[in-house]
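Input sequences plus hints: build the corresponding full structure.
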Amino acid sequence: MQKDIKRLSLILLFAPFALWITLLILLPHIGMVVLSLREKVAPRVYEYGFANYIEFFNEPIYWNTLIRTGSMSLLVTVLALIIGFPIAYYIAKIAGPRLRGALFLLCLIPLWVSDLIRAFGWILLLRETGVISSFLQWLGILSGPIEMLYNDVAVIIGLVYTVILFMIVPLASTLDGMDNSMIEAGYNLGGRGITVLRRIIIPYAMPGIASGCIIVFMLTAGSYLTPILLGGKNSSWFTEQIYDQFITRYNWESGAAFGMLLLAFTSIVVWLGLKLTGQTLANTVTKT
Amino acid sequence: MPDSTAIDLECINISKTFGDVLAVDNVSFDIPSGSFFSILGPSGCGKTTLIRMIAGFEQPDSGEIRIKGASVLNTAPNKRNVKMVFQHLALFPMMNVYENIAYGLRCRGVAKQEIDERVNNVLDRIALPDVGEREIHQLSGGQKQRIAVARCMVLDPDVLLLDEPLGALDLKLREAMKIELKLLQHQFDTTFIYITHDQSEALVMSDQVAIMNQGRFEQVGTPQELYHNPQSAFVAGFVGDSNRWSGTTVESAGEALKVKTDDGLELLAMPSDSGSTDRSQKVSIFIRPEFIQVERTRDESEHTQPGQNRLTGVVDSLLFNGANSRALVRSPTDQLIEADIVLTGGFEDLKPGEDVQLIWSCEQTMCFSV
Ligand SMILES: Nc1ncnc2c1ncn2[C@@H]1O[C@H](COP(=O)(O)OP(=O)(O)OP(=O)(O)O)[C@@H](O)[C@H]1O
Ligand SMILES: [Mg+2]
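These protein sequences, in sequence, are chains A and B. Sequential numbering of the first sequence, starting at 0, is according to numbering that gives the first Met the number 0. Sequential numbering of the second sequence, starting at 0, is according to numbering that gives the first Met the number 0.
In short, the hints are calculated from the structure, not lab data. These numbers come from a predicted model, not from an experiment. Be aware that a few hints might be false.
Unchecked claim - Residues from chain A that face chain B, not an exhaustive set, calculated with beta carbons under 10 Å: (1) A41; (2) Y45; (3) G185.
As the list claims (entries may be wrong) - Below are the DSBU-like pairs computed for lysine-lysine, each with C-alpha atoms no more than 35 Å apart in a straight line: (4) A/K92 <-> B/K281; (5) A/K92 <-> B/K350; (6) B/K171 <-> B/K181; (7) B/K177 <-> A/K92.
Every residue, glycine too, gets a C-beta built ideally from N, C-alpha and C.
See below:
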């Protein structure tokens with residue numbers, strides 16, 4: 000009796016979660032897979048096959064875009080890690096408890112503003128008639144206006160800014176769980192600052208680093224607004240290709256195939272990253 | 000044998016304040032080579048702060064710290080040859096046992112082969128020769144303890160600092176590790192500074208014990224000295240068990256003092272510090288349970304011999320603990336007095352409710368002015 004009640008409550012508790020997973024994640028993806036394997040041979044006549052995928056590999060512009068998106072996303076991830084680590088370390092280990100809360104909150108503030116508004120913020124700063132350009136002219140460093148938008152640097156800056164929070168939070172929470180005496184022991188046994196960082200702090204923070212990097216990489220590779228708005232037409236982000244297939248060309252089949260390819264590609268990169276750093280997915284989830 | 004006159008560590012008038020908390024107040028001491036020195040004190044008295052200053056993690060506000068004669072105040076923590084065993088050991092969980100021990104040697108740039116030799120050697124000495132490849136979480140509490148000591152000892156430190164390293168262990172293991180640590184210290188022949196708030200740890204293991212209270216050293220001495228000749232009421236109350244009264248001196252009776260306790264008893268006591276010989280002086284009196292003799296009341300006319308204290312009472316309860324058994328005796332003034340007794344399990348044993356006489360000599364009654 001007792002057991003039945005327990006089981007029932009368990010089922011009830013899990014039902015919304017299971018529904019959410021099946022309805023919003025599993026089903027659409029199955030639909031996508033099916034769609035991507037379909038090929039239009041005549042109006043309303045479809046055949047199943049790998050033609051959409053083959054088309055991707057035959058057209059260099061497609062896979063070049065995917066590679067470019069992947070490598071830019073990796074660069075953004077690395078930059079976010081390099082910038083985020085000291086910030087997370089400061090929040091978790093150096094700041095006092097009061098300041099810590101305030102800093103965390105400060106990190107969250109950008110989330111209050113929508114993606115779009117944030118991107119327009121950057122546009123206001125970087126465009127030809129924007130704040131930075133005018134300021135540099137006013138200082139006399141520049142003689143004429145300068146366009147800082149619509150290049151890779153602008154895209155990367157914008158992306159790092161958007162995602163860095165997702166690097167800082169898991170890092171700070173892992174570092175927060177680290178006993179200070181571990182760092183002191185590192186020094187006490189004769190380690191220099193760099194040794195302590197390399198042999199103790201970073202290995203300890205590895206699960207946080209891995210999960211931060213996974214989140215950031217996935218978010219970046221799948222982002223759409225920031226690359227389009229800051230990079231303009233020549234940003235060549237892969238999500239743009241997908242959008243193009245779905246909306247402009249109304250070619251859902253190949254759009255679905257591209258979507259699956261993006262998913263497969265990012266998954267492989269993440270898997271490689273985990274393999275190279277000797278982490279497991281379970282480890283990164285439980286330790287942060 | 001260590002040279003008995005060589006001093007490994009010297010602290011001269013060191014003080015440290017945190018905000019308006021005076022954590023360490025003008026402490027001076029020196030520790031001869033190869034000895035086991037304990038710092039014993041209640042929680043929050045500044046023990047950790049003191050030891051962290053020696054290790055270099057805190058800078059003293061004033062004073063001087065010398066290791067093997069050389070001042071270390073301007074030496075960074077990683078350059079001082081004092082190693083520390085942390086309260087929660089702080090073993091590195093991402094390295095295995097071997098790497099934990101090798102860490103310090105690698106920091107020094109010792110050659111690979113020598114590292115291998117020294118790590119295996121130290122593992123042999125702590126009697127854990129085969130655990131090198133184990134992960135930290137695969138070790139028992141006592142093994143972790145020994146690895147933490149080995150990780151420091153492999154570096155041949157001048158002084159090893161231990162901050163309540165047994166605090167996290169259960170009682171049984173603490174008892175075993177107490178003896179083990181003492182043996183390790185003997186084996187490595189290194190100066191140990193051991194922090195604890197557990198007096199039995201300090202008394203059992205140490206050559207010298209410092210009693211610390213509110214940032215100051217109350218007394219430094221061998222365990223026997225502290226136990227039998229405490230210099231202050233705090234030390235008398237803190238080290239070992241004792242029955243305690245507060246009272247006022249009435250008159251001197253030869254060497255001894257007659258004291259009237261606040262609850263109306265008249266007791267003879269020996270002044271243990273200089274201040275308490277005057278009349279009408281507030282004093283604290285201590286008597287240890289093992290000096291109180293418990294006798295059944297047979298004859299009401301028994302009279303007190305000179306220099307003896309005698310109280311009548313009723314046995315309230317018996318605390319059986321093998322050879323350390325104790326009786327709680329309720330005095331006429333309704334105070335519970337502890338006295339050591341022998342319980343053999345035979346008919347002769349005391350029973351609760353019996354009338355008894357408590358007898359002890361004034362020589363063993365310590366008296367401190369307050
Ligand atoms: N970093 C710090 N900042 C402010 N106050 C501190 C700091 N470290 C210690 N204190 C204060 O200094 C005093 C002594 O602390 P300390 O840690 O040395 O005590 P302890 O004797 O080691 O106690 P315990 O036995 O509980 O470990 C305490 O009152 C404590 O609150
Ligand atoms: Mg402490």
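Results of checking the hints against the structure:
1. A41: violated (61 Å)
2. Y45: Check failed: Cβ of A/Y45 comes no nearer than 54 Å to chain B, outside 10 Å.
3. G185: This interface hint holds because 8 Å falls under the 10 Å limit.
4. A/K92 <-> B/K281: violated (50 Å)
5. A/K92 <-> B/K350: violated (60 Å)
6. B/K171 <-> B/K181: holds (16 Å)
7. B/K177 <-> A/K92: holds (34 Å)
When held up to the earlier numbered hints, the structure conflicts with 1, 2, 4 and 5 and fits the remainder.
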